[in-house]
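If you're matching them up, the sequences are chains A and B in order. Just so we're aligned: 347 in my numbering is position 304 of the first sequence, and the numbers increase by one with no gaps anywhere. Just so we're aligned: 322 in my numbering is position 279 of the second sequence, and the numbers increase by one with no gaps anywhere.
No wet-lab data here; the hints were simulated from the structure. One or more hints might be untrue.
[What the hints assert, rightly or not] The calculated lysine-lysine pairs, modelled on BS3-like cross-linking and capped at a C-alpha distance of 30 Å, are: (1) A/K124 - A/K315; (2) B/K302 - B/K330; (3) B/K121 - A/K124; (4) B/K344 - B/K330; (5) A/K97 - A/K330; (6) A/K124 - A/K97; (7) A/K315 - A/K163; (8) B/K344 - A/K163; (9) A/K121 - B/K121; (10) B/K163 - A/K163; (11) B/K97 - B/K302; (12) B/K97 - B/K121; (13) A/K315 - A/K302; (14) B/K97 - B/K330; (15) A/K302 - B/K163.
Letter by letter, the chains look like this.
There are 2 protein chains.
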Amino acid sequence: MSSLAPSTESDALTLLRRHGERLHGYFVQIRARHDQAPARLVEAIQYSLLAGGKRLRPTLVLECCDACLGSRRDASPKATKSALAAAAAMEFIHTFSLVHDDLPAMDDDDLRRGRPTNHKMYGEAMAILAGDAMVTMAFEIVATDADPTVVPTLVRELAHASGPEGMIGGQVLDIDGEDQNLTLPQLQQVHRMKTGALLTASCRLGAIAAGANETNLTAVTEYGRHLGLAFQIIDDVLDVTSTPEQMGKATNKDAAKGKNTYPVLMGLDASKREAQHQLSLALDSVKSLGAAAEGLRNLAKFVVERDV
Amino acid sequence: MSSLAPSTESDALTLLRRHGERLHGYFVQIRARHDQAPARLVEAIQYSLLAGGKRLRPTLVLECCDACLGSRRDASPKATKSALAAAAAMEFIHTFSLVHDDLPAMDDDDLRRGRPTNHKMYGEAMAILAGDAMVTMAFEIVATDADPTVVPTLVRELAHASGPEGMIGGQVLDIDGEDQNLTLPQLQQVHRMKTGALLTASCRLGAIAAGANETNLTAVTEYGRHLGLAFQIIDDVLDVTSTPEQMGKATNKDAAKGKNTYPVLMGLDASKREAQHQLSLALDSVKSLGAAAEGLRNLAKFVVERDV
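One chain only, chain A, in its complex shape (with noise of 0.2 Å):
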């Protein structure tokens, strides 16, 4: 059972859905572009990208967008589109980074979401080219689709946050990590680059899109970076105490990976205080933006208290 109020819980589920399945209508559209590609690939692509993922990182796109847009928001088509093209690069750049981080020579994971990895699916050689194949989708989807003007800034946001100071970062430092006792600063200067980043990065985009204001983009981004530290916190109390039927992958392997993790260097009951704290900090930081805030409010809260 969630502790979440089953008003916000339901709120941020209704949120995720809407998003999901405008997101879902566009990759329909992208797929369509590419009938000139090699079918496997393109099937090993939509296999990853459709495995039912919650559409968060998205999801704060596009409501990072609104919430910058406030009452402009049903009269500017332009950022609503830029946005959903950021939205759709980021589950993009997201789905590589989960089927690359599954192969053999990574995590070696057999299950994702309650299915086969790619690799397991498609072989190992498909799921390398699938990911990378992903990666510059992401990059031609936003130039493509988004206004010509804030292309430059998406792209330069969105390769920034998944490159050597982002995403793919952190993972090289994960895995120098392993087997090594990491203090808490340098576990959180991994957390950082791994996972926050693209999310951090994800509210900036929505932000960037809807041509928000110095104040406001630095309001989501703040956000984002508190929202991410208390994700990733979340995520590794639920590798303790969820079952892989919950989670739909393996669990309780970061202890077996002698992997850094919150609950293994402050304790569950401390790492459980601090996802809240983050939360609460998450919060403040979207007050300026009063009610168009709301989606990010009910989000925030159903990262930290979700049970999945």
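Given chain A, work out where chain B should sit, using these hints.
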């Protein structure tokens, strides 16, 4: 011994060296931007990026830009800067493809440009991540350094040429075609995607950076297509006729792997004639550009008549 006229060969080599040096200076600048990234990741990237390739693709970007600028060449700093960014991005993408193609799950090569392949030096996980990072860095470079007005088109072209309809798609077809007998049109399709797409895009990126008109863009596109085909035919020929010492990588491996190649499908002599035919078509394509395309002519002859 090369069969090239000495002056053409030395002109082409001078051009490759001159543009290669500019590129190298720019790579040093780019590296300095990544001092927050994990050192071992940056090292693995640099290892392959600075392994002494010919820099053919970036040279094509820069030369096509110059050819399209013509007499405006020295008065177009924005175009030149955009072309340099596109050239660097193209080399990042090309290098990423080599690193991933060499992986055990793909071609499983131990030697590249006379040195151990990336995964032999840094391990498989790092080679996968270094390759991934090169893709995101390529797009970050274009988005950061190119003239914002051409960024959307440059990103779209680069992404499309690298993705499922281009290089990555071609690699999928290539792997799928091993141990099958392809027809000549099927083989040409593999090459058009696997090597041709990136070589053609190199030419187009240069023209786009230059703000070329439709006629000139078409001219360099055709040039790139014929050059790409010629390049691959010669690559296949050299795999049969060269020693590993000359090539800096294993040779005769196409036959060992049951790969479809031009020499296998049409014989060595007919392959060489076809390469010459493609060369003459490439030269015809850029006739309209006059003296400004002298570098492109020398490069095309070099590509076809090189012995490494």
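Comparing the hints with the structure gives:
no., hint, verdict
1, A/K124 - A/K315, "37 Å, violated"
2, B/K302 - B/K330, "36 Å, violated"
3, B/K121 - A/K124, "29 Å, holds"
4, B/K344 - B/K330, "14 Å, holds"
5, A/K97 - A/K330, "25 Å, holds"
6, A/K124 - A/K97, "21 Å, holds"
7, A/K315 - A/K163, "34 Å, violated"
8, B/K344 - A/K163, "46 Å, violated"
9, A/K121 - B/K121, "27 Å, holds"
10, B/K163 - A/K163, "24 Å, holds"
11, B/K97 - B/K302, "25 Å, holds"
12, B/K97 - B/K121, "26 Å, holds"
13, A/K315 - A/K302, "18 Å, holds"
14, B/K97 - B/K330, "25 Å, holds"
15, A/K302 - B/K163, "25 Å, holds"
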